[in-house]
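There are 2 protein chains.
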Amino acid sequence: MAADNDFVKEITKKSVDFSAWYVDVVRKAELADYSPMKGMMVIRPYGYEVWELLRDQLDRMFKETGHRNAYFPLFIPESFLQKEAEHVEGFAPEVAWVTSGGGEVLEERLAVRPTSEAIICSMYAKWVKSWRDLPLLYNQWANVVRWEKVTRLFLRTTEFLWQEGHTVHATAEEAEEETLRMLGIYRRLAEEYLAIPVVTGRKSDSEKFAGAVRTYAIEMLMPDGKALQAGTSHNLGQNFAKAFNIRYESREQKLEYAWQTSWGSTTRLVGALVMTHGDDSGLVLPPRVAPVQAVIVPISAGNWRETVLLHAQRLLDELKAAGVRAHLDDRDTFTPGWKYADWEMRGVPLRVEVGPKDIDKHQAVLVSRVDRKKSFVPWDGLAAEVKRQLEAIQGELYARALAFRDANTHDARSYAELRDAMAGGRGFIRCGWCGGRDCEAKVKADTSATIRVILDPPPPGFDACVACGGKAAHAVLFAKSY
Amino acid sequence: MAADNDFVKEITKKSVDFSAWYVDVVRKAELADYSPMKGMMVIRPYGYEVWELLRDQLDRMFKETGHRNAYFPLFIPESFLQKEAEHVEGFAPEVAWVTSGGGEVLEERLAVRPTSEAIICSMYAKWVKSWRDLPLLYNQWANVVRWEKVTRLFLRTTEFLWQEGHTVHATAEEAEEETLRMLGIYRRLAEEYLAIPVVTGRKSDSEKFAGAVRTYAIEMLMPDGKALQAGTSHNLGQNFAKAFNIRYESREQKLEYAWQTSWGSTTRLVGALVMTHGDDSGLVLPPRVAPVQAVIVPISAGNWRETVLLHAQRLLDELKAAGVRAHLDDRDTFTPGWKYADWEMRGVPLRVEVGPKDIDKHQAVLVSRVDRKKSFVPWDGLAAEVKRQLEAIQGELYARALAFRDANTHDARSYAELRDAMAGGRGFIRCGWCGGRDCEAKVKADTSATIRVILDPPPPGFDACVACGGKAAHAVLFAKSY
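Here the protein sequences line up with chains Z and X, keeping their order.
In terms of this note's numbering, the first sequence opens at residue 545 and continues consecutively.
In terms of this note's numbering, the second sequence opens at residue 545 and continues consecutively.
Next comes chain Z alone, as it looks inside the complex (with noise of 0.2 Å):
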C-alpha cells in the first residue's frame, strides 16, 4: 500500500529522529509551513482547521462560565509596560518595537503585545468603579509576538495565535478560584478534546508569569521525554491593580484594589496533538478536533465514475447529515492506495473504503487509522457505526497517551536517581523539594530538568529534598521542557 506512496516514504521514522519526524509531519500534512519572516510560521488551512476546532470548543466552555471576548489594542506604548516591575523585566527582552509609524519617528516606543495586561489594565481603571461592576470577565482571542531565538513550528514561533483571558474580582477567594476554575477548562480540553492527559499544578516562583502570584498551568508528556507547558492561568493578585490603580467600591463604600487574573492556552497546542499521536505514517488526529473526521475513499476500477462513485455521494450525504465531518475523495488523478497513504500521513481517524464487491455486499469497509484494523459494516446503520467507532478511537489515543504518561513517571528519592532519569529516558519524575532556589538552580544546571508542577496534594512518602537531602516543603514533577 505504501508503496506507491512517495509521501510516506519521505517521512523520518518517529524512532529515528524524532525532530525531525515532527517537521515532516507538520509540513507535509500541511498544517504549517516556514515564512520569509524568520521565526514566523504560516498556518495552513488544514492546520487552521484544527486550531479552529479547538478555539470553538475553548470558546464555548469560556461562554459558559460567564466569560466575553473583548479586543484591545495591538501596541502598547512603553510607559505602560513599564508600571509594573516584575512584568516589564519578564518581558521586555522579548520585545519588538514601533518606533515610526505614517513616516514620522515616534516619541515613545510602542511594544507589539507580548501579553496584554498593560493595555488592558489601563482600561479596566476606567471601567471598574463599584462592587456592582464585579466579576468583569473578559477573554481576547489575538495575535502576540515574541522575539525568540530558537523557533520551531507551532511549538515556539515568534509570533502566535492565542487567546488571554483578563478578570477582575472583589475579593481573593474570587480570584484564586477563577484562577483554578480556567484551570480546569484547559485541563478538559486536552483531556476530553485533545486526548491528551495532563498533570496540573503550580508552578514554583522561578517559573511563575512575570507579575503573578501564582501560575498554575497545565503539563503534558511528550514522546521524547520532554514536557509542554500547554495552558497557564494567573492569579495576579493585587499587583496590577496597584500598578494600574484599578479600585471598586465596596458594598461597605470603601475604596478597594482589585484582584485579577490572567490565563492563557495558544497555537501550541496543535504542535502538541502532532507529537502525541502522530506515528511513522505522519499524524493522527483525534476525532474531536479532526477537520475531517471520515474519508470516503472509492475503489476506483472499471466504470467507478457510474457506479462506486455514486454509492460512495450518497455514503457521503449520510454521513454529513447524521454530523459527521465527512469528505469523499473523487480525484481521479490519483489511485486508491495512494489516497489511502495520502489521508493516513494527514491523520484523518476513519477511513471508508467502498468498492464493486462491497456494493454488492450493501456494505462499506471501515479502516481505522490508529491500528488499521478493518471492519465490514453494512449501509443500513452506516452512520452509527462510525459514530462509535470515532468515539472509541478518541478514547484509544486517549488511553495510549495515558499509559505512555504513566509508563513514563518516575520516583527519584535520591539526586542519583533523578539524575539518571534525566540522562535515559527522562519522562516525569516525582521528588521531594525544600522549596529552596538554589536547589532547584542546582538541578537544572546539571540535568537541564525545571520544576513543572509542585503537587497538590503532594503525594506520600517525598519527604526529603532531592538536591540537598534536607526537610522537603513540597513534592514536586520535575523534566525537561519546550
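It is possible that some hints are incorrect.
[What the hints assert, rightly or not] Within a straight-line C-alpha distance of at most 27 Å, the following computed DSS-like cross-link-like pairs (lysine-lysine) qualify: (1) K572(X) / K670(Z); (2) K770(Z) / K752(Z); (3) K673(Z) / K883(X); (4) K673(X) / K572(Z).
Everything labelled a hint here was simulated from the structure, so no lab data went into it.
Just so you know, these numbers come straight off a predicted model, no measurement behind them.
Using the hints provided, position chain X relative to the given structure of chain Z.
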C-alpha cells in the same frame, strides 16, 4: 419613561449633531472605547458580539463557496513590500515599522501588515506549481495597522480587524468571476444581515486598490449624506504573480503566470450599523446581528421575585429553546423604566414586558425598538410571535434605509446641480463622466465628492460629462465619502 434615565438624556440628538451622537452611542452602548494608544480603539464585549455575529455569517458564506481560512505573519520585511511598485507606493506612507526586536536593532525594517498581499504572494510562489493546485481559495481573519491622522471609532482606526481573501486562478476569466462573486457576498451580508442597502460597482483608477487591475466596492449611504465604502473586491490580474513569480504549469504543460484576486471587509461594518439604524434613543440593531434579540423585563412590584420572575424565567427558557437570543434582566437595583431606556439605548430590537396583570391574562407585552409599538401576546405561541416580529423588524429597518437611500440619490445634469447637491444635503449624485482624471479631480477640489462607483450597466440619459460637458464614457455615482 425616559425621565428616570440618565443615559438617554446624555445622548446628543442625532438630528442636532450627527458626529457627537455617533460617538455617544458607540461609547454609551459600550460597543467600543478610546484606548491610551492614539488612534486605536478597544472593542468592548457588546461591540465584539456584534462583530462575532457578522464575522461568523461571512465565514459561513466564504466556506460555502469553497474558501478555507489560513494565517500569515503579522510582519512583512520591507523588501517584500517593495516588490510590487504600485502597492508599496500606496501603502508605505501608512506603515508602522518595527525596527528592533529581542534587544537588537534589526537589519531590515519590518512592516506591521497594512494588508497581506506581499507576504501571502511569497508563499503562493512556493505552493502553486500546477493547474491542479488551482484555484487556491484562502481567507485570513486578522488585525492590520494603517497609520491614520484622523480616526473615528470603528470607521477609521489605526488598527482594525478584518478578513482578507487571497485567491489564485488559472485564467483571467475565473479571477474576474471570483472578484464579482465575493462582491456579491458582501452585498448579501450588508442587505440581508445588516439591513443596509448597497450600491455595487467598479472604482475609477484613482480610487482603486494599490496594485489591482480593477477594484469593486459596496457603497452605503449614511444619514449625513456621506458614502461609506464597506467592502472591496480586487481583481489583481497578473500584477502580483509577476512581482512574486507565481507560475503554474498548465494542462498544456506550459508555464503561465497565475491570475489573482483579493477582497476585504472590516470592523467598520459595525460603525455602518450604528449610523444607519440608530436614533435619538441610541442604537437600533437589526435582529440578525443583535447579540440580544429580545430582552425580558419583569415588572418589579410587590413580591415580584417569587411571582413575576418565575414566569419571566419560563418565557426566557421558551425563547431560548426556540433559538431566540434572549436575555432576562432580573437586576433588582434598577426600575423597569430605567431598564427600558437602558436596553433601548443598546438597540435590542424587541422588549418583552411581564407584570402581575399580564400573568393574570397569561400574556406578555412586546414592544418594538423601531417604533415602540406594543402588542399583547398570549404565552401560548409567544416564541413564534417573537420570531415573526423579529423578522418584521429586520425587514422594516431595511425598507427604511432603502427609502432614505432612494430619497437621497439625485441626478445631476449640470455642474451647478452637482455643486448644489453637495452644498446641501449631499447624498449619492448620479451623473455622466468623460473618464478623465482632471474632471474627477476638479469635482473633488470643488465639492469634496469622489466617484464612489462606475454604474454598470449604465443608466440611460447621462451622455455628457458633468464637469467638462464632453461625451460621457460612464455614468457614475459621486458622493462625499468617509
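Verification of the hints:
Of the supplied pair hints, the one linking K572(X) and K670(Z) holds, its CA atoms being roughly 14 Å apart against a limit of 27 Å. Distance hint between K770(Z) and K752(Z) is fulfilled; the C-alpha atoms sit about 19 Å from each other, no more than 27 Å. Proximity of K673(Z) to K883(X) is assessed by CA-CA distance (about 20 Å); at most 27 Å being required, the pair is judged to hold. Proximity of K673(X) to K572(Z) is assessed by CA-CA distance (about 16 Å); at most 27 Å being required, the pair is judged to hold.
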